[in-house]
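Taken in order, these protein sequences are the chains called A and B.
Position 305 of the first sequence, counting from 1, maps to 305 under the working numbering, and the rest follow consecutively.
Position 207 of the second sequence, counting from 1, maps to 207 under the working numbering, and the rest follow consecutively.
Careful, some of the hints might be misleading.
Stated by the list, open to error - EDC-like cross-link-like pairs, simulated, lysine to aspartate or glutamate; straight-line CA separation at most 16 Å:
1. K34(B) / E293(B)
2. K109(B) / E336(A)
3. K350(A) / E5(A)
4. K93(A) / E260(A)
5. K129(A) / E115(B)
6. K328(B) / D212(B)
7. K150(A) / E115(B)
8. K34(B) / E305(B)
9. K93(A) / E167(A)
10. K129(A) / E331(B)
11. K50(A) / E25(A)
12. K348(A) / E25(A)
13. K150(A) / E293(B)
14. K249(B) / E327(B)
15. K129(A) / E223(A)
16. K129(A) / D4(B)
17. K249(B) / D146(B)
18. K303(A) / D315(A)
Unchecked claim - Here are a few chain A residues that sit away from chain B, every Cβ distance over 10 Å (derived from the structure):
19. A15
20. P21
21. R26
22. V76
23. E100
24. P124
25. F142
26. N149
27. K150
28. V173
29. G177
30. T191
31. V195
32. F271
33. H319
Calculated directly from the structure, the hints in this document are not laboratory data.
Backbone N, C-alpha and C fix where the C-beta goes; we use that ideal spot for every residue, glycine too.
In case you want the letters, here they are:
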Amino acid sequence: MLYRETGDFSSTYAADQQTFPIRSERYLFWTAMAFAFLVVPFLVNDYWEKSVLVPLLVWSMAALGLNILTGYCGQVSLGTGGFMAVGAYACYKLMTAFPEMNMFIVVVLSGGVTAFVGMLFGLPSLRIKGFYLAVATLAAQFFLVWIFNKVPWFYNNSASGQITAPERTIFGVAVTGASAPPWATYLFCLTLVFVFAWVARNLTRGQLGRSWMAIRDMDIAAEIIGVQPLKAKISAFAVSSFYIGVAGALYFSVWLGAAEPTEAFGIDKSFLVLFMVIIGGLGSILGSFLGAAFLTLMPVLLKNVMVGGMSWPTDLAAHIEIMLVGGLIVFFLIVEPHGLAQLWRLLKEKLRLWPFPY
Amino acid sequence: MSPDFLNFIETVLNGLMTGVMYALVALGFVLIFKASGIFNFAQGVMALFAALTLVGLQTGQMPFSHLINATFGTDIHHWGPGLPTILAILMTMAVMIVLAFTIEKVVLKHLVNQEPIILFMATIGLAYFLEGFGDLMWGADVKPLDVGLPTGGSFWLEDVTTSWATAGSEYYGMYIDTLDVSAAIIAIILVIALTIFSQYTATGRALRAVADDHQAALSVGISLRSIWVIVWSISGFVALVAGIMWGAKSGVQFSLSLIALKALPVLILGGFTSIPGAIVGGLIIGVGEKLAEAYIGPLVGGAVENWFAYMVALAFLLFRPQGLYGEKIIERI
């Protein structure tokens with residue numbers, strides 16, 4: 001009964017074109033949002049915030065960004081970890097240079113800095129395609145992490161080479177630093193993700209998004225019908241890097257609190273986000289969230305079952321965990337190469353006719 | 001000759017040796033890419049897995065001992081004194097063939113006709129799986145690997161090169177690891193053997209036919225699936241050789257799988273589809289990296305090795321998007 005199309009008529013084009021064209025779907029969405037915004041903040045505790053909710057939101061943000069580049073514009077990137085590092089370091093520099101600045105502005109500005117760096121590293125995409133481009137983006141990954149290790153200016157000459165987030169506030173409530181209350185960090189991340197997911201959804205179905213998709217489907221054909229590859233590809237790199245930069249800033253300042261480039265922004269993070277996008281579904285906003293949820297929640301669950309439930313040593317559990325992650329990725333690719341979002345689409349098709357399919 | 005010049009030669013020689021090692025890994029990539037269009041990210045982990053298995057068999061480790069001990073509370077570590085090296089290598093090869101067969105049966109068979117990116121992702125999944133599986137089977141600690149190859153510097157070479165230097169200058173000879181030299185020789189033998197195999201045997205010709213055109217190869221009666229098993233076995237063998245070499249050099253440990261990342265710039269430099277390209281690319285990257293570390297490194301604070309290869313490859317790609325020896329990319333609508 002949750003999903004019904006019957007008796008739901010759209011009488012205007014606007015009603016037909018909206019993101020959730022079916023009434024029950026809208027109710028479902030807004031109920032979920034009301035729950036996330038109004039109920040969860042009262043229930044959240046430190047464990048849930050630090051190991052489930054904030055990671056989920058941060059990775060969703062990163063997955064959204066990569067999905068714009070890889071899923072919508074078809075440019076495979078393995079530099080996500082490096083771009084997250086740019087966001088994190090930009091955030092750190094802004095936080096320490098302007099202590100009074102509102103955290104929202106800091107995070108958005110760090111996204112802007114990352115967008116600029118992303119555009120620079122996106123330039124080769126005009127000439128290099130496919131796997132060659134994927135390998136070329138690895139240059140960004142290794143170079144950026146190296147430069148954050150080597151140039152003391154980026155980490156304010158701190159002795160350990162680490163960056164540590166000082167306490168910063170929004171409207172008087174701390175959202176970074178050790179004393180930030182769980183509900184505040186959660187709401188801060190949730191608001192950002194909500195706003196930017198909304199922006200992403202509307203960007204991708206507008207003129208810009210369509211030009212990305214044209215490039216993805218066949219770049220030569222797109223060029224012939226008048227899509228400028230330069231504009232489309234560079235804008236995809238910029239927007240995607242903006243999202244990834246915001247994710248990196250949140251990852252460092254809200255979630256981790258302190259970061260060290262090699263460890264926190266390694267190549268494994270790039271792969272992790274790429275997995276989220278692939279498992280969730282390329283070219284789908286919902287898919288980014290589903291993929292991020294799958295790959296953040298599954299390890300937590302597995303760890304609880306294996307270490308807590310079966311009392312295995314943690315290193316053994318870690319081996320089994322990556323084995324299972326790898327196995328599940330292969331499994332999903334075989335069963336549904338279009339990701340979890342496609343499963344949801346199929347489910348909706350089924351639900352429309354349930355319980356009387358013809 | 002002045003010591004500076006001799007140092008330069010030493011750096012270049014060491015770079016060439018490292019380059020051969022990179023080429024060894026890149027070779028495995030190229031073989032699979034040519035035959036099946038799959039960009040096999042798991043190549044590095046396959047090398048790790050092969051080396052782990054070899055060490056395990058050689059020292060007589062009990063597979064899954066950690067898991068068994070944790071589940072049943074027992075304390076098993078070894079099943080015996082271990083196998084002689086030759087036997088262990090042959091057994092490991094058998095394991096790699098079984099692995100190739102399983103991969104074809106379980107993964108590749110179901111992914112025929114998928115987009116390259118999906119296949120690439122599947123091999124990353126495979127890499128994760130193999131990594132976890134290898135660690136689970138043999139333990140994650142660093143293990144020394146000794147297959148009887150000579151190691152350490154060569155005194156003969158040091159003496160000879162010392163005599164080259166200008167009289168009176170403080171020069172103590174070149175340091176070149178004998179292990180690197182034997183690795184280079186083995187790699188050269190391997191490449192010649194692979195070339196002969198692909199030129200003069202029926203299977204080798206079938207491989208090249210598949211590489212040229214899948215459908216045409218199918219139509220003349222070549223079984224695509226058995227070719228895939230063969231190709232994955234061969235690259236399993238290449239992985240084993242690479243695993244032995246890198247394992248003997250720096251111990252068998254997780255970082256062994258990261259050599260795959262080193263092989264990537266080699267690949268794009270040489271082109272994904274060319275065996276000579278993998279060798280030449282490996283040599284260029286190896287020499288370039290060592291020279292950069294020696295001459296640019298001190299200026300910017302070291303560790304240039306990590307990204308230099310990628311930057312070279314990137315700059316190179318801007319002028320030649322298909323790599324040195326890659327097939328020319330022709331796009332049609």
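(request) Quick one: work out the minimum CB distance from G177(A) to chain B and report holds if it exceeds 10 Å, violated otherwise. (result) 31 Å, holds
(request) Below or equal to 16 Å on CA atoms is what counts here, so check K348(A) against E25(A). (result) The given pair, whose Cα atoms are some 10 Å apart, holds under the 16 Å limit.
(request) Would you check whether the claim that R26(A) is not at the interface survives, using Cβ distances to chain B and the 10 Å cut-off? (result) Nearest chain B Cβ is 33 Å from R26(A), so the label holds.
(request) With 10 Å as the threshold, tell me whether P124(A) passes as away from chain B on beta-carbon distances. (result) 6 Å, violated
(message) Please verify whether K150(A) and E293(B) have alpha carbons no more than 16 Å apart.
(response) 14 Å, holds
(message) For a C-alpha distance cap of 16 Å, please report whether K129(A) and D4(B) respect it.
(response) Violated - the C-alpha atoms of D4(B) and K129(A) are around 42 Å apart, more than 16 Å.
(request) Beyond 10 Å from every chain B Cβ: check whether that's true for H319(A). (result) 4 Å, violated
(message) Checking one constraint from the list: CA of K129(A) to CA of E115(B), max 16 Å. Satisfied?
(response) 15 Å, holds
(message) Can you confirm whether the C-alpha distance between K34(B) and E293(B) stays at or below 16 Å?
(response) 33 Å, violated
(request) Mind checking the alpha carbons of K93(A) and E260(A) for me, to see if they're no more than 16 Å apart? (result) The given pair, whose Cα atoms are some 14 Å apart, holds under the 16 Å limit.
(message) The output says V173(A) does not contact chain B. Does that hold with a beta carbon cutoff of 10 Å?
(response) Non-interface label stands for V173(A): nearest chain B Cβ at 40 Å, farther than 10 Å.
(request) Measuring Cβ to Cβ, find out whether F142(A) lies farther than 10 Å from everything in chain B. (result) 4 Å, violated
When held up to the earlier numbered hints, the structure conflicts with 1, 7, 8, 11, 14, 16, 22, 24, 25, 26, 27, 32 and 33 and fits the remainder.
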